[in-house]
Amino acid sequence: MKWIPKFNSSNSLRVIFVIAVFILLFLSSIGYKHNQDLNESSKLVMHTYEINIQLERLMSAIKDAETGQRGYIITRNDRFLSPYTYSRDKVNTSFITLKKLTADNPKQQENLQKLFKLIIQRFTSFENCLKYSDPKTYDKRKLDNHMFGGRILMENIRFKVDEMNDIEKKYLQRRLKIYDQEISLSPVFSISLFLAALTFILLAYRQISNDIKRLIVINKKLLISSRLMSESEVIGKFSTWQWDLDSNAIDHSDNQYRMLGLRPRQFALDKDSFLHFVHPDDKENVSNAITNMGIKKTLPFVYYKLILPNNKLRYFKSTGKLLTDQHGSKILLGINFDITDEHLLNIELQERNKELEKSNQELASFNHVASHDLQEPLRKIQTFISRVSDADKAALSQSAKDYLDKIEVSAKRMRVLIDDLLLFSRTNTTKKEFLKSNLNDLLENAKGELTEVIDEKKAIITAGKLPKLDVIPYQIEQLFINLIGNSLKYSQENINPEITIECEKIHSYEYPDLLEQNIKKFYKITFTDNGMGFDPQFKETIFILFQRLHSKTDYPGTGIGLAICKKIVDNHRGHIIADSVPNQGSKFTVFLPE
Amino acid sequence: MKLFIKFDINTICSLFLKQKLEEEKMNFTTLGFGEIELDENLSVEALETLKNNLGPFGFEVVENQKSVLVQKIKDAIIELVYMDDNNNFKSSVFLAEKLNHSYGYLSNVFSEVTYSSIENFIILQKIERAKQLMLVNEMSLTEIAFLLNYSSVAHLSTQFKNTTGITPSAFQRIIKKRRENLK
Amino acid sequence: MQKNALHILLADDDEDDRLFFNDAFEEVRVQTNVTFVHDGLQLMEHLLTPDVKLPDILFLDLNMPKKTGKECLIEIKKTEHLKNIIIAIYSTSSSEEDIEDTFIEGANIYIKKPSDFNTLKKIINEVVTLNWHYHTSGLNRDNFLLRLK
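Chains as they are written, first to last, in full-length UniProt numbering: chain S, 1 to 594; chain R, 1 to 183; chain Y, 1 to 149.
No lab work stands behind these hints, which were simulated from the structure alone. On a predicted model such as this, the values are computed, not experimentally measured, just so you know. Treat the hints loosely; a few may be bogus.
[What the hints assert, rightly or not] Under the rule of at most 30 Å between Cα atoms (straight-line distance), these lysine-lysine pairs were calculated in the DSBU-like manner: (1) Lys66/R / Lys67/Y; (2) Lys177/R / Lys77/Y; (3) Lys121/Y / Lys380/S.
[Claimed, not checked] Some, not all, of what chain R presents toward chain Y, calculated at C-beta under 8 Å: (4) Tyr82; (5) Glu128; (6) Gly165.
Think of the CB as a built atom: it goes at the ideal place given N, C-alpha and C, for glycine as much as any other residue.
Sequences are here, hints too, so could you generate the full structure?
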């Protein structure tokens with residue numbers, strides 16, 4: 001199994017930010033510590049230098065005292081004595097400062113104590129020199145001793161000061177060395193940490209900018225689709241609503257308000273205010289439908305009428321479906337259609353249909369009754385004529401005999417016409433009982449009906465294998481009789497009629513005429529003859545009732561035969577077409593659904 | 001419950017006639033279907049009684065010689081039609097040999113008495129047999145055409161249609177529906 | 001061919017047709033005895049009269065007042081002592097539906113009224129002959145179906 005990290009963008013962003021913040025906090029704490037260390041060491045340096053300066057001051061004050069004392073000894077002028085007098089104060093001040101500065105260092109304190117002793121000894125030596133240089137108490141040997149002793153003390157003082165300076169310097173160097181050691185590691189570490197933090201932040205930035213781009217695209221799409229939705233609602237005359245089952249709130253789309261003749265969001269539309277618009281006849285129905293929808297979580301199509309504020313009647317259709325979103329909350333989504341136009345059109349269509357059906361029925365029954373009832377008197381006429389015996393005829397004049405013959409011919413013609421008409425009307429009126437029949441048998445029956453003509457014309461009929469289909473057997477037999485009969489009737493003189501019947505299974509897409517039907521597979525049965533054919537321009541009209549291409553004296557017929565064929569094929573939801581090359585033959589093609 | 005019973009009308013008739021004649025206490029020999037030789041000659045009254053006794057059961061004593069011959073021709077034809085292996089017989093030859101008369105004579109007598117031809121009667125009987133085979137034995141038209149020596153199914157169908165005015169399939173359909181109606 | 005005259009009954013409301021029918025039977029070689037009734041009610045009355053001689057063949061017009069031929073047919077086939085009568089439908093209709101229906105209801109013969117007197121005679125001859133064959137040659141009457149045009 002493949003493991004797919006379930007990080008969505010906001011989660012990963014959060015992680016990146018937390019890491020980055022921690023790194024930065026760490027970095028700043030390191031920086032703070034370094035700062036602290038630096039401060040410390042600069043203080044240390046300052047401290048060292050201050051001690052150094054104070055020691056130098058101390059030294060210079062002593063030197064000032066020494067210089068002033070020498071000048072006084074040489075010149076004996078009291079003015080040279082004033083630096084010496086001040087230097088004692090200066091020495092004391094520096095000494096106090098030094099004592100404060102070295103308070104944390106016992107070794108320096110000890111050194112300072114020693115230095116102080118040396119300085120006191122030096123000043124004692126100064127006093128002694130002054131005493132022995134004074135002319136009053138002048139003692140050359142003692143003065144020299146003390147001058148010399150003063151110089152050694154001076155050297156000792158210098159030595160002590162240098163020693164103290166050295167100690168401070170060493171101490172400083174040691175501290176700086178530790179500091180350097182500490183600080184030398186941190187730059188690489190902090191730069192790499194900083195870079196890591198930067199990378200994280202950059203990554204986060206990229207993620208954010210990607211997310212934003214995506215959001216913008218999605219937002220745009222959403223805007224378009226919501227706009228599209230509201231526009232299509234207006235155009236398609238429908239509205240949508242969402243019923244949140246958890247909060248029991250219903251939210252209607254703007255078009256719902258428009259369809260009710262209101263301004264969008266004129267007021268909050270709920271069940272009761274909606275029912276207010278429903279026609280009293282349908283109120284209970286709609287109310288029940290809404291209640292049931294809450295229980296059954298689905299809404300089968302409901303049809304109802306609405307009365308708009310302007311008192312106009314509209315027909316509506318509604319349906320709904322339960323949707324569950326990713327958070328598991330349940331929403332019933334519903335659609336209301338304004339089907340007024342369709343409804344009115346439907347009513348009109350139904351009425352027209354009824355009218356048409358009625359007039360069709362009337363026509364058919366008229367046709368049937370007319371032809372049926374016409375048969376009776378005609379049959380009588382014919383029978384009575386046939387009863388006029390040859391003996392009777394002999395007694396008649398020639399013209400009377402001719403008239404009788406003409407009456408007989410006309411009556412015969414009328415008989416054919418009525419029979420054909422009856423046949424035609426019957427293809428409409430008889431119950432359409434479809435039976436699985438073998439078309440080969442029906443073709444045999446048809447040929448049997450036509451035996452006489454076939455024999456007389458010495459016709460050759462070749463038939464391929466025909467299928468077994470659900471058909472109205474008489475009608476298909478009649479179809480075969482009519483088509484073969486037609487070919488026999490319009491055969492060419494001096495040529496024996498040849499009729500070829502072929503059959504193949506085809507798909508409706510091969511023949512665009514068949515596409516209107518919702519049937520995919522057809523049997524195509526062709527009747528090809530070598531007869532006189534007809535002008536192809538009549539290939540459509542040939543199937544119209546009473547259409548004749550030949551005068552009735554040349555070819556007796558009523559012009560009903562092919563119309564019957566068409567009717568029969570229509571009854572079977574099939575299709576019939578004719579084509580011909582004059583003087584070469586015609587081809588009738590029948591398509592019967594599988 | 002409904003039963004379809006296949007029966008041979010000839011056997012039934014022969015048996016029934018035998019039984020009736022035995023009831024009348026007559027000595028007789030059966031010569032063939034419909035022909036009986038009595039041992040003694042009957043008086044006019046006795047013959048009349050016999051006729052009256054047999055009448056109600058559909059038996060009729062045929063007196064005319066020609067009628068007797070016609071009855072013989074009919075029997076021979078039925079025998080021919082119901083023979084299962086009749087391929088080798090031409091009906092005219094068969095009848096002439098069987099009845100010892102020329103076919104022309106037989107044909108004339110038959111037409112004179114029945115107003116129809118021997119050929120028509122043969123066809124009628126063949127179609128009758130075809131009907132039986134169709135309904136009782138539930139044979140297909142192909143099988144029947146073969147059994148009754150027709151050159152093709154079409155030939156049988158045409159003859160069936162010409163004789164009865166309806167097609168074999170319509171015939172089957174009608175009888176089937178009739179039986180359903182009776183249920 | 002028949003010792004006793006063939007008893008024929010025609011139920012038809014049309015006077016001319018009865019006339020043609022009668023004339024045709026007169027010209028048929030078979031000795032017959034033709035009776036007429038004018039409608040379905042009369043027919044049933046006649047057939048149900050006690051001790052009436054039942055016809056050998058009943059010719060029945062379908063389109064009759066008071067009781068149609070088809071109603072009569074069904075009634076006859078339901079009546080025990082009448083159901084064996086040979087029934088020939090004699091009608092103007094040549095609708096396949098009518099034909100098959102009447103056959104199913106038990107008719108033996110279907111004749112479309114011809115429009116020619118000679119045809120009528122021919123048809124009547126055929127019916128009578130065939131009926132006689134059925135009567136005398138051991139043919140199964142249940143399978144007796146004949147359609148004449």
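Here is what the structure says about each hint:
1. Only pairs whose Cα atoms come within 30 Å are accepted, and Lys66/R paired with Lys67/Y is rejected, the gap being roughly 45 Å.
2. Restraint check for Lys177/R and Lys77/Y: the C-alpha separation of about 15 Å stays at or below 30 Å, so the hint holds.
3. Restraint check for Lys121/Y and Lys380/S: the C-alpha separation of about 15 Å stays at or below 30 Å, so the hint holds.
4. Restraint check, Tyr82/R versus chain Y: the minimum CB separation of about 11 Å is more than 8 Å; hint violated.
5. Because the smallest distance between the Cβ of Glu128/R and any Cβ of chain Y comes to about 5 Å, under 8 Å, the interface hint for this residue holds.
6. At a threshold of 8 Å, the smallest CB-CB gap from Gly165/R to chain Y is about 3 Å, leaving the interface hint in force.
In this structure, the earlier hints numbered 1 and 4 are contradicted, and the remaining ones agree with it.
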